[in-house]
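Going down the list, the sequences are from chains L and F.
Just so you know, the first sequence maps onto residues 1 to 415 in our numbering.
Just so you know, the second sequence maps onto residues 1 to 415 in our numbering.
Note that these hints are calculated values from the structure, not bench results.
Incorrect hints may appear among the rest.
To be verified - Straight-line alpha carbon distances no greater than 35 Å define the calculated DSBU-like cross-link-like pairs of lysine-lysine that follow:
hint	chain 1	residue 1	chain 2	residue 2
1	L	K335	F	K334
2	F	K214	F	K335
3	L	K172	L	K215
4	L	K261	L	K334
5	F	K291	F	K335
6	L	K334	F	K335
7	F	K295	F	K386
8	F	K291	L	K95
9	L	K335	F	K335
10	F	K386	F	K120
11	F	K214	F	K53
12	F	K223	F	K160
Unchecked claim - Computed, partial: chain F to chain L, Cβ under 10 Å:
hint	residue
13	V148
14	T200
15	K214
As the list claims (entries may be wrong) - Not everything, but these chain F residues come out facing chain L in the computed CB check (under 8 Å):
hint	residue
16	P104
17	V232
18	W235
We put the beta carbon where it would ideally sit given N, CA and C, even for glycine.
Here are the chains, one letter per residue:
Number of protein chains: 2
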Amino acid sequence: MAPGAISLPPSANGTDGTNGTKEIINGTNLPTKTQNGLPIPAGLDASKLIITKSPSPRAVPDAASAFATEDTICTDHMITCAWDRTRGWSAPELKPFGPFSLMPTASVLHYATECFEGLKVYRGFDGRLRLFRPDCNTRRFLRSAARVSLPAFDPDELEKLLVALVAFDGPKWLPRDEPGAFLYLRPALIGTQSTLGVCTPTKALLFVTLSYMKKMDSPGGLKLCTSPEDTVRAWAGGFGHAKLGANYGPSLVAAQAARDKGYDQILWLYGPEGYCTEAGASNFMVVWTDKESGKTQIVTAPLDDSIILDGITRRSLLQLARDRLGDEVEVVEKKYTMNEVIEAQREGRLRETFAVGTAYFVTPVSVVHHRGIDIHIDIGDGYGGKYALLFTQWLKDIMYGGEDHPWGLVVPEEA
Amino acid sequence: MAPGAISLPPSANGTDGTNGTKEIINGTNLPTKTQNGLPIPAGLDASKLIITKSPSPRAVPDAASAFATEDTICTDHMITCAWDRTRGWSAPELKPFGPFSLMPTASVLHYATECFEGLKVYRGFDGRLRLFRPDCNTRRFLRSAARVSLPAFDPDELEKLLVALVAFDGPKWLPRDEPGAFLYLRPALIGTQSTLGVCTPTKALLFVTLSYMKKMDSPGGLKLCTSPEDTVRAWAGGFGHAKLGANYGPSLVAAQAARDKGYDQILWLYGPEGYCTEAGASNFMVVWTDKESGKTQIVTAPLDDSIILDGITRRSLLQLARDRLGDEVEVVEKKYTMNEVIEAQREGRLRETFAVGTAYFVTPVSVVHHRGIDIHIDIGDGYGGKYALLFTQWLKDIMYGGEDHPWGLVVPEEA
């Protein structure tokens, strides 16, 4: 299914303009509209949010203890919302962060009926909290859910829930006196139906956590190793474009093998031609002087064969390049091979390469190892070349309030 | 990684012949051997099984209520065993069936760090309980775990745990006076580490449930629909050969589309040539008269490109054909295309097609729909042609004690 080809099935989209009255009974919203005498499952509805404050809020860790153990530290609260095929979405809950109870037969534990999103919350230098283009995340999340047969939802309602959680826990966990800090929002959707048997889940759980995440765009540059010839991350007709759990677990063996050889991440190649696709779980870009035209080009893999993720940092960076760099740089989304990258480097035309994504932000790549050869790329003082630095600055300005921009969504906080 | 290329890392294989003394403290086994002063993680050890009998055993459902709801009914007990990278495998527990507690940040819920197995327990016509080649399942499970970066274990120890659960719950849930009945054993292994971040899990949980499963080898024959041209289940260099959750969730969209068109399952084709690979989540076989040699052949997809599952029913059926059918039938594991199947049918050379696997057993296929054409295949009285019936009978004899055979492992029960 093409990434854009999603329509909300009526059974999961009761929050359209025709929505009737709703009531909350025992924490669940029962469908109140009927169609041919049958109840219509309720849509996701942020206005029904039920808030339960944690009775035992935790201390905010200092920088040293935030990553002292391997367990991710989450804030005091999370959001959960259950779905079943008959009743639709229950009333969302904002409640104390804590474990789930899942039956051993739950769909997600056997059949990987799961997808997720990831975005950061930024404490701006102007003191305000911001999300970066959350509408892009919620819409991609909806496409991912459809690709793995999980229920649809109104992405605008999910965005309201993200904002609600950030507004609730943000002031304590991202204090105003620490501008430049960020936390990580993780919406996830899992199939919870307790049936052993390969079938579309009739029950699901949406949840959102807010947690610490290490800063990964550190100086020094990433060292990449191209994927082994016998290992393919994603393929045309598969699901590499969707943020499914199924894309990640099976990639760990190759990633570990790369780390064992001293590299940070895999540069995933595709097909006998060796097309460059993704760097680890991030998009990958090169800046080179085009052989034919002599123009400076920013080149990255295209979205049309659904192999790579439609990254929001990727999309934003390309948009900024088109809007702000004018004729200086040509933005090219096309298939390009590792051999073309090597040729550009040998001919002195390769100017920069970087990984872009929520985790790595814009991180320059200093080395790509391919079939026995190390290709070295200049990364200036460690933070990348001219364009990596430019994109980093432009994006940070939007994220941290240096520039007032529609991509930076301010989250209201109580005074 | 090739299916056979697994070696047990020392960190997860403490149950070799050199194993020293062990002790049980608070339900976990602490490593007692040291190497260079560091403890060696403990291996999976069935002899440490801790048994906790259910205080509230449930009634065995009758045939009508066993499948009255969509939730899978499990027996009174399950087996669980936790692993972490430092301590290795804890003492396995046989305990009341019930929900797990998992953190919202658990690896399995985000990154599909999960794999499973499935095998049946048969109540024989001689009154005895049997497993069918469980050593094949436990070894394949180990290969699947390695493919998704989950910990290794001694497969013989897992087999002992399967036998322990069946011996414990079998007498009540598969009563002696119901020969021919079966239950379904589901070992599963999930990554439980509570870290948001794509990394190899340092904690995992192995669990085994025993449950009801519908009889799926019903008369009438399966109707298959070939996979859409833009959807590929598994690919060379991927993980189609491993029993990972990641193979199943992403297949649900196409499977539902096939059902919406009136077919039971997808016949998954591969590549522009349209090679036949799997039927739903089962292996697929055709019996035809070879165009060149005029010989009767049983043809099925090969294992060497790791696209299809190394099915135990598949493997057993091919072995029986080789051992017992002699020159009558040639067993051929090779790539073959949908067009070759259509050609054989048009030329009157197509004799049988069937899906084989634990769920479908040996189920004849009556129709394959391909790009607008329905190909009809004779299935005799509904249970298949000569060979489907022969394999069914041979396998049933081994499973239900009609024939004393090394593939049928008798589970001891208290008198």
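Verification of the hints:
A threshold of 35 Å between alpha carbons decides the hint, and for K335/L with K334/F the separation of about 33 Å falls inside it, so the pair holds. Distance hint between K214/F and K335/F is fulfilled; the C-alpha atoms sit about 32 Å from each other, no more than 35 Å. In summary, the hint linking K172/L to K215/L is supported, as the alpha carbons are separated by about 20 Å, within the 35 Å threshold. Between K261/L and K334/L the CA atoms are separated by roughly 30 Å; this keeps the pair inside 35 Å, and the hint holds.
A threshold of 35 Å between alpha carbons decides the hint, and for K291/F with K335/F the separation of about 15 Å falls inside it, so the pair holds. For the hint pairing K334/L with K335/F, the CA-to-CA distance comes to about 33 Å; that is within 35 Å, so the pair holds. The hinted pair formed by K295/F and K386/F meets the criterion: a straight-line CA distance of about 16 Å does not exceed 35 Å. This hinted pair does not check out: K291/F and K95/L have alpha carbons roughly 67 Å apart, beyond 35 Å.
As the CA atoms of K335/L and K335/F are separated by approximately 30 Å, the hinted pair is consistent with the 35 Å bound. For the suggested pair K386/F and K120/F, the alpha carbons sit about 25 Å apart, so the restraint of at most 35 Å is met. Distance hint between K214/F and K53/F is fulfilled; the C-alpha atoms sit about 27 Å from each other, no more than 35 Å. Only pairs whose Cα atoms come within 35 Å are accepted, and K223/F paired with K160/F is rejected, the gap being roughly 38 Å.
A distance limit of 10 Å between C-beta atoms decides the matter here; for V148/F the minimum to chain L is near 5 Å, and the interface restraint holds. The closest approach between the C-beta of T200/F and any C-beta of chain L is roughly 5 Å, which is under the 10 Å cut-off, so the hint is satisfied. Taken as an interface hint, K214/F checks out: its beta carbon lies about 8 Å from the nearest beta carbon of chain L, inside 10 Å. For P104/F, the interface hint holds, the least distance from its beta-carbon to any beta-carbon of chain L being 5 Å, beneath 8 Å.
At its closest, the beta carbon of V232/F sits 3 Å from a beta carbon of chain L; the interface hint therefore holds under the 8 Å criterion. The beta carbon of W235/F comes within 4 Å of a beta carbon in chain L, closer than 8 Å, and the hint placing it at the interface holds.
Going through the hint list in order, the structure does not satisfy hints 8 and 12.
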